[in-house]
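J.: Sequence:
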Amino acid sequence: MTETGHDLAPGLRYFPDYFDRPAQEALVAAIRQVVADAPLYVPRMPKTGKAMSVRMTNCGALGWVTDKDNGYRYQSTHPETGRPWPAIPETLLALWDAVSGFAKPPEACLVNFYDPEAKMGLHQDRDETDFAAPVVSVSLGDQCLFRIGGTSRSDPTRSFRLSSGDVFAFGGESRLIFHGVDRIYPGTSTLLRNPGRINLTLRRVNP
DNA sequence: CAGTGCCT
DNA sequence: ACGA
Numbered sequence: 044m045t046e047t048g049h050d051l052a053p054g055l056r057y058f059p060d061y062f063d064r065p066a067q068e069a070l071v072a073a074i075r076q077v078v079a080d081a082p083l084y085v086p087r088m089p090k091t092g093k094a095m096s097v098r099m100t101n102c103g104a105l106g107w108v109t110d111k112d113n114g115y116r117y118q119s120t121h122p123e124t125g126r127p128w129p130a131i132p133e134t135l136l137a138l139w140d141a142v143s144g145f146a147k148p149p150e151a152c153l154v155n156f157y158d159p160e161a162k163m164g165l166h167q168d169r170d171e172t173d174f175a176a177p178v179v180s181v182s183l184g185d186q187c188l189f190r191i192g193g194t195s196r197s198d199p200t201r202s203f204r205l206s207s208g209d210v211f212a213f214g215g216e217s218r219l220i221f222h223g224v225d226r227i228y229p230g231t232s233t234l235l236r237n238p239g240r241i242n243l244t245l246r247r248v249n250p
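Residue 118 in the working numbering sits at position 75 of the first sequence, and the numbers go up by one each step.
Watch out, some of these pointers could steer you wrong.
[Stated by the list, open to error] Below 27 Å or equal to it, Euclidean Cα-Cα: the simulated DSS-like pairs (lysine-lysine) are:
1. Lys111 with Lys162
2. Lys162 with Lys93
3. Lys90 with Lys111
4. Lys162 with Lys90
5. Lys162 with Lys147
These are computed hints drawn from the structure, not numbers from a lab.
Kindly generate the complete structure, drawing on both the sequences and the hints.
T.: Right, here's the structure in full:
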């Protein structure tokens, strides 16, 4: 495992190619099982009801969801099936143990599927009740242009071209940084059957 | 403002 | 930069 910490803000950690190809394939198989149980759906913005460009699902005790009427929140059931979210795959729990430095396990794993046109605007992950634990993020499939700023929206930003198997963690002073995905580079990975990218985000929600 | 749509 |  390699960690590139240099030139990154305190609390930000980047592990390029954390997962090798066989591990990525195993992770994709596990995520396919999650999606078979908890289908991808289109999340909607609070108040406007505007569709986001990514499709989402979750695994874990809690999942991050958003809709027009109730906005951003965590809940224990899939918004369309009403069923509890499936368990977080073991590989991801092991990743959390290796990288988070946090004793308690993650409660939520948000699964975001980006097709080639999908984007995610700059935002903070701030719907958790406790920010002591880091957010741990895994990239699978096509490369993307990932942008990170600071804790204020107006802070300057830097961009990274993330590849399949890369892991990013934001903790400490960087737990609440703004971050987003500006573009997907279709055809840059053979991991998935279809062009696009999967992002997995592990979070601790409650203290 | 987890958005869009300009602009350079 | 916007207007929700």
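J.: So, for every hint listed, does it hold in this structure?
T.: Now for the hints, and whether the structure bears them out:
1. Lys111 with Lys162: 19 Å, holds
2. Lys162 with Lys93: 14 Å, holds
3. Lys90 with Lys111: Measuring from Cα to Cα gives roughly 5 Å; hence the hint holds.
4. Lys162 with Lys90: 20 Å, holds
5. Lys162 with Lys147: 31 Å, violated
Taken one by one, the earlier hints fail for this structure only at number 5.
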